[in-house]
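Protein chains: 2
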Amino acid sequence: MQGEFVDSLVVKNGTKIVFLVLDGLGGIPMPDGDLTELEAAVKPHMDALAKKSVCGLLDPVGCGITPGSGPAHFALFGYDPIKTNVGRGLLSATGVDFPMTPRDLFMRVNFATVNEEGVLTDRRAGRLATEENERLCRKLAERVHLSSPAAAGVEVFFRTEIEYRAVIALRGDDLREELEETDPQQTGVAPLAPRALVPEAARTSAILAELIDKVRETLADEGKANMILLRGYAKYHQFPDMGSRFGLKTLAIANYPMYRGLARLVGMEINPLTHTIAEEFAALEQAFTRYDFFFMHVKPTDSRGEDGNFEAKVKVIEEVDALLPRLSALKPDVLVITGDHSTPAALKSHSWHPVPVLLAAPTCRPDRVESFGERDCIQGGLGRMPMANLMALALAHAQRLTKFGA
Amino acid sequence: MQGEFVDSLVVKNGTKIVFLVLDGLGGIPMPDGDLTELEAAVKPHMDALAKKSVCGLLDPVGCGITPGSGPAHFALFGYDPIKTNVGRGLLSATGVDFPMTPRDLFMRVNFATVNEEGVLTDRRAGRLATEENERLCRKLAERVHLSSPAAAGVEVFFRTEIEYRAVIALRGDDLREELEETDPQQTGVAPLAPRALVPEAARTSAILAELIDKVRETLADEGKANMILLRGYAKYHQFPDMGSRFGLKTLAIANYPMYRGLARLVGMEINPLTHTIAEEFAALEQAFTRYDFFFMHVKPTDSRGEDGNFEAKVKVIEEVDALLPRLSALKPDVLVITGDHSTPAALKSHSWHPVPVLLAAPTCRPDRVESFGERDCIQGGLGRMPMANLMALALAHAQRLTKFGA
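So the sequence lines, in the order shown, correspond to chains X and G.
Residues 1 to 406 in my numbering are what the first sequence spells out, letter by letter.
Residues 1 to 406 in my numbering are what the second sequence spells out, letter by letter.
Calculated directly from the structure, the hints in this document are not laboratory data.
Careful, some of the hints might be misleading.
Because identical chains share one entry, a pair is satisfied inside a single copy or across any pair of copies.
[Unchecked claim] In silico DSS-like links for lysine-lysine, alpha-carbon gap of 25 Å or less:
hint : residue 1 : residue 2
1    : 348       : 52
2    : 403       : 12
3    : 139       : 224
4    : 16        : 348
5    : 12        : 348
Just chain X, same shape as in the assembly (with noise of 0.2 Å):
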């Protein structure tokens, strides 16, 4: 990966570059089949723009590692992934449009369901309702309060991030992140205990099993939303932006809070909340004269793969196939097709599998890719390479880039 070198080269012009990406988009055949999600999908557009433009694979971070949303993420905004890497905390904190300060320790909430003897029934808490979850922050917000001598001075903060997931905040000083995450990944179990990882995490811990008691007191008489669950714990952390890296504005169109925090990290600005995709594509048309890079995030091809569903994971590839006239009459200099990583609907789940791409300009060199899948990309002429590199791609095509050296 070529990391923070191109930044030298950048210069500023009026050109457009568009990303579109499809979360998860990668995907392999189901047990029974041969082609994967995105080779079964019908997809005139994108077939015809795979045609005059350039195609390949992309590693997110490494062969044969799996990313999370985060990682894979900062790798197709130019970002080194492992370096970059942060807990989900904070991506959601950001998400949430919380104000934070660099005293702050965010944490990922589920709120959950367990039974009498304390052992997990369910880790999501029956998919709690939005509006559900946003009662149950306001109840804690209310009724709980540390009083240990260990949380003298901090400050608690709940947040509802989306359906059964929210956000907790703890402000004040000396606040560690090595902390044992307390969501046991499965059912039939106890929850963890927030356990120190290092000895100087012991106060940060006891101020959490403090909350935790009294998070599990409140929720006492709720149904199904009876117990939480923490993980992703992080600091504050303050990432170098992408508007100064690439000389860019920037907007993100995304929908759903962790992209929308990832945008904002970076440094983008966020577009109002759509719900449709075809509203964000609205969106991209009326703010398309006023920024330079857009970052259109599309989840439901993820969402549609983590469910195991094949066919729904291919409708959602057309329906954003469909709009894409729509993009393309815009005319941007550089429009990227792309996944941030695979998630195959037959293995339910993110996984380690190289992602397509397709990026179109005028100043494309041609390959031999007629249609836009998996086995088709592996023809291309951007062979594997690291996802990070893409940026500087598009940069280059979008004129952005000056020469290096005499």
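Given the coordinates of chain X, assemble chain G onto it according to the supplied hints.
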């Protein structure tokens, strides 16, 4: 190359991984031919596997770099081949089961022939029989005694490796490995002196000069083996254990001492010696339930390549192919077939050409490769990548790597 980062993602399970390594597998056509050895071989089972697996080309050390067997195998086992490179003497010592101590300096020995003027006429002493080598080592152990002041307190050990190859170990304080090899790599010239390459190696250089003098006197009455050539100086060195790095219980099935030694250096258990390729497959069958990872080493592909015997190398590949159904019947979760490097018969030596690889697992994404050969692998889904990344891919397909980041 990704390095040791993947180690932090390792999880354990019951899956089984087999690396079937045909030494020197990669080839090029003979001057009057069009096919490589692998392309020319009739190998229906490998071709059938290639259709449902993912293929590619591996660079053991880097583009244009011809690897020795040491670095090539370290790369196969997931180690940085440059950082872990060690003198061949250490590998040979491990291969002959020498009881090593941290005070030891090892070197590889060729028994050789010089004429009356001291000029080399045969670098391998007529490819000496192993029994003769053993007799010579006993003779040297009895008669060679270092007596110079420089050698005070230094012990010397002679060990037979195979045919014309032996190992010498010096044991003492402050021995150094920065010395010129005495093998000039050609006949018609005199052996070189074991010159010190750094000032700190001057004493070791003097000890070796005395040793060579006394060995030559002792061998003066031998017909062919009247001289030794030294190379691969290496001090004792400890490597991270493959079992602890990757959470694998590992077995090496290899018959040539150096490969057994290499496997031992990374902590593999070593199967008892077998004598034919068929016996190696039988050994795998017998051990299959007791280990997670199997390194099966087939030597004759390399030997026939070094002989320049294209047809004989093809025959070895065909012999392995005929045995492959026995391996497939064991249903390993991940089966990798590859080489450690290329040894084209046309060059009669190791070469820098990347090495064909086939990785078969239920989670493979299909590519368009229909046959296992170099020009097919170029089109494969693995693309061209560093060999040291292969282990991470195998672990991923064996479900032994967890997700990176949230």
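Status of the hints after comparison with the structure:
no. : hint        : result
1   : 348 <-> 52  : between (33 Å within a copy, 21 Å between copies)
2   : 403 <-> 12  : within (14 Å within a copy, 37 Å between copies)
3   : 139 <-> 224 : within (15 Å within a copy, 83 Å between copies)
4   : 16 <-> 348  : between (35 Å within a copy, 22 Å between copies)
5   : 12 <-> 348  : between (42 Å within a copy, 20 Å between copies)
Hint violations for this structure: none, all hints satisfied.
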